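There are 2 protein chains.
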Amino acid sequence: MRIEIICTGDEVLTGKIVNTNFSYIAQKLEDVGLDVRWGTTVGDDRETLLAAFVEAGERADAVIVNGGLGPTVDDLSQEVAARAAGVDLVLNEEWLQTMGEFFRRRGRTMSPNNKKQAMLPEGSEILDNPIGTACGFAMDIGKARFFFTPGVPRELRRMLEEQIIPRLLAKSGAPTAIRLKRFHCYGLGESHVDALLEGVEALVPDGSAKLGFRAHYPQIETKVTVRGADDADIAAKLTPVVAEIRKRLGNFILAEDEETLEGVILERLQAENASLALVEMFTGGQIAARLAPLPGAEHVLRRGLVSRDLNELWDALHVMAPAEISRDGAEAAAEAARSEAGADYALAVLIELDDGPDRIDFGGTICLAIAGADGIVDSRRSRILGGREWVRLGATELGLDCLRRRLYGLPVTERIDFERT
Amino acid sequence: MRIEIICTGDEVLTGKIVNTNFSYIAQKLEDVGLDVRWGTTVGDDRETLLAAFVEAGERADAVIVNGGLGPTVDDLSQEVAARAAGVDLVLNEEWLQTMGEFFRRRGRTMSPNNKKQAMLPEGSEILDNPIGTACGFAMDIGKARFFFTPGVPRELRRMLEEQIIPRLLAKSGAPTAIRLKRFHCYGLGESHVDALLEGVEALVPDGSAKLGFRAHYPQIETKVTVRGADDADIAAKLTPVVAEIRKRLGNFILAEDEETLEGVILERLQAENASLALVEMFTGGQIAARLAPLPGAEHVLRRGLVSRDLNELWDALHVMAPAEISRDGAEAAAEAARSEAGADYALAVLIELDDGPDRIDFGGTICLAIAGADGIVDSRRSRILGGREWVRLGATELGLDCLRRRLYGLPVTERIDFERT
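So the sequence lines, in the order shown, correspond to chains X and Y. Counting the first sequence from 1 gives a position; this note's numbering is that position plus 356. Counting the second sequence from 1 gives a position; this note's numbering is that position plus 356.
Everything labelled a hint here was simulated from the structure, so no lab data went into it. If you're wondering where the values come from, they're calculated on a predicted model, not measured in any experiment. Be a bit skeptical, because a hint or two may be false.
Copies of one chain are not kept apart here, so a pair can be met inside one copy or by any two copies together.
[Said to hold, decoys possible] Below, in silico cross-link-like pairs of lysine to aspartate or glutamate (DMTMM-like), each with a Cα-Cα straight-line distance of 25 angstroms or less:
no., residue 1, residue 2
1, K372, E612
2, K372, E615
3, K579, D401
4, K372, D773
5, K566, D366
6, K566, D714
The task is simple: from the sequences and hints, build the whole structure.
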């Protein structure tokens with residue numbers, strides 16, 4: 357089945373906003389085994405929209421159109437869709453009522469121009485939007501089934517998942533039962549993960565398990581999709597695959613599915629009823645900023661200390677120590693921070709940057725330590741190269757990941773691919 | 357002149373990476389007064405690429421193609437471009453030599469498959485890439501001039517600015533002298549800025565000044581482009597426009613052109629040879645993280661303290677104060693942090709979040725204060741609504757912007773559009 361995506365709107369076409377809706381739709385379709393073949397971006401202009409709809413209708417089997425369903429004069433999708441299909445726009449009483457309810461529940465009055473949002477091409481099928489006034493709809497243009505979606509990301513997401521993907525899977529004739537399983541890793545490069553997982557797809561002999569990777573430094577995501585006749589069939593296929601991936605990627609799996617690194621750290625600290633102190637230098641508060649905004653962090657993140665200057669850190673922590681970073685220094689900083697804050701754990705990430713201007717091989721030496729109320733202090737020394745920002749991102753992730761490892765009883769000093777000696 | 361953009365590559369088409377190259381190209385063209393009319397995204401597939409090139413060649417006057425110039429087998433742009441134009445691929449000795457130099461200077465050996473990068477469609481014009489091995493080139497396909505660019509963002513950017521935009525401006529026949537001036541604001545919504553600047557374009561009677569806005573919460577960027585016969589003409593037109601914008605947006609302009617909020621703060625502190633201490637709660641280290649990674653911040657950012665819990669803050673700062681936030685409390689926190697760290701200035705941003713789950717009208721009450729070595733303490737109380745993340749972003753920006761105002765002698769308590777009472 358050939359699927360295309362048409363993104364509409366001057367803000368997207370002029371680059372005023374980055375088109376994250378496109379990548380979202382494409383990824384969601386890939387997750388259920390559907391491929392996008394062509395993407396088109398056009399502005400709020402009748403002739404251009406018409407040309408885009410007609411061309412896609414000639415080429416594709418299914419087309420997802422994003423944007424242009426709002427109440428204002430530059431929202432043209434319904435009007436141009438009707439023209440492309442040679443049908444009239446007609447008032448959809450059902451959606452007008454739905455919108456009326458929507459405004460009443462919020463104690464607001466519907467403005468007259470919202471009525472435009474209930475004008476749909478004759479014969480089109482409504483795609484429900486439970487969280488907005490833009491009515492999604494499906495209709496045929498040329499030989500393709502078109503699905504019109506709102507530009508507001510959260511409305512698009514819900515409509516895509518609940519309304520459109522089931523229809524696309526039914527249309528594609530593929531087994532509609534499919535499951536996506538995701539693993540998040542830190543410390544392995546994409547080619548390394550790829551090599552480690554060689555042959556895993558073959559654990560499902562009928563070819564219905566597919567592996568994919570998405571590297572967004574410093575983390576890499578591994579995705580597995582499995583298709584089957586029904587949930588039981590999928591579970592039977594997925595179980596050995598998941599077990600094998602967990603075995604091969606091992607300690608490097610920091611979270612699965614919707615979990616995050618900071619989330620699993622917070623969860624474990626909450627389960628232990630434990631508190632945390634942080635000491636940062638070049639990461640500059642970014643480690644604290646990953647944890648602090650999470651609900652519940654107010655009871656866990658006892659204290660964070662940031663300074664770019666090591667002597668200033670020693671002053672703040674009331675520690676006498678040399679003015680250069682070392683594993684010993686990191687251990688002293690973690691122990692002092694833990695004791696000053698009265699916290700159960702403390703993570704200290706000390707960094708010494710290379711001299712000179714930023715460049716591709718600019719690096720930093722990282723000494724980090726984790727102290728616990730049990731008296732055990734773990735520490736490691738690493739060098740990360742790749743420019744100031746790369747070092748900052750890498751050190752933030754390394755610090756958080758070592759904390760995760762300590763909390764979950766895993767080795768803190770396991771070598772990672774991004775380290776240089 | 358009708359301009360189109362074709363983005364190629366499976367990683368973009370599948371949404372594995374978000375297509376920021378597209379928005380970058382479109383914005384850069386808009387900045388010089390050129391409009392993009394159509395965008396196409398296709399994967400690394402010969403037939404699809406060919407169709408995309410041929411269609412764009414029929415519709416457009418100029419086409420920018422991004423990606424597919426690398427050395428591997430899935431980099432197909434040169435090959436398909438030659439096919440679309442009905443010409444042969446020929447070895448470009450000049451580029452082969454350039455690549456040879458490139459590798460020699462880096463002490464590396466050129467791999468045989470790099471030779472593919474010097475195979476260009478017959479008759480094409482080289483677009484220099486001084487920082488990579490992908491050779492840009494221009495050629496005609498159909499009735500359009502095609503410009504082929506590398507997918508690596510920094511290579512694309514340099515080639516677009518140095519090689520392609522001058523050619524497009526020459527082709528468009530528009531006066532090639534154009535200047536872009538940008539203003540960054542915090543605290544004003546887009547419609548408010550739009551209203552404040554009404555009539556400013558008319559200060560240049562021939563219509564050659566254009567205003568545009570780009571809101572990326574919490575900041576909003578105002579752009580002015582002015583065209584003219586030459587630099588002197590542009591300067592004469594731009595001067596009154598810039599003066600008027602500065603007058604109307606006044607204290608809300610936090611930076612211009614390439615400057616950033618954190619950058620102007622650091623610059624001023626450096627000029628005063630002054631140091632800074634920070635106290636954060638729900639912003640969680642994000643204020644520190646904006647300043648800390650900047651070169652030179654190591655001599656300025658004396659100490660940052662983060663805690664989600666107010667009593668913990670009072671402990672850390674050795675202050676006796678009530679367990680609820682207030683302007684008085686913020687002032688006490690700023691003064692204590694300044695004195696503890698021995699810093700010239702301290703900013704304290706205290707936040708009390710609403711109870712309950714995250715929702716669109718979830719809010720936070722912010723009390724912030726700035727203490728200085730001159731004994732003056734400024735403070736303000738604000739409420740920001742819009743969900744947890746909105747509050748966090750808004751409070752970070754509000755804190756930094758109030759610090760900027762204090763450092764530059766501007767009123768710290770000026771009302772902003774995002775505040776609720």
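How the hints compare with the structure:
1. K372 <-> E612: Between. Shortest inter-copy distance 18 angstroms satisfies the 25 angstroms Cα cut-off; intra-copy 34 angstroms does not.
2. K372 <-> E615: For K372 and E615, the Cα distance is within 25 angstroms only across copies (19 angstroms; inside one copy 31 angstroms).
3. K579 <-> D401: For K579 and D401, the Cα distance is within 25 angstroms only across copies (23 angstroms; inside one copy 39 angstroms).
4. K372 <-> D773: Result: close only across copies, 22 angstroms inter versus 37 angstroms intra.
5. K566 <-> D366: between (37 angstroms within a copy, 16 angstroms between copies)
6. K566 <-> D714: neither (40 angstroms within a copy, 36 angstroms between copies)
When held up to the earlier numbered hints, the structure conflicts with hint 6 and nothing else.
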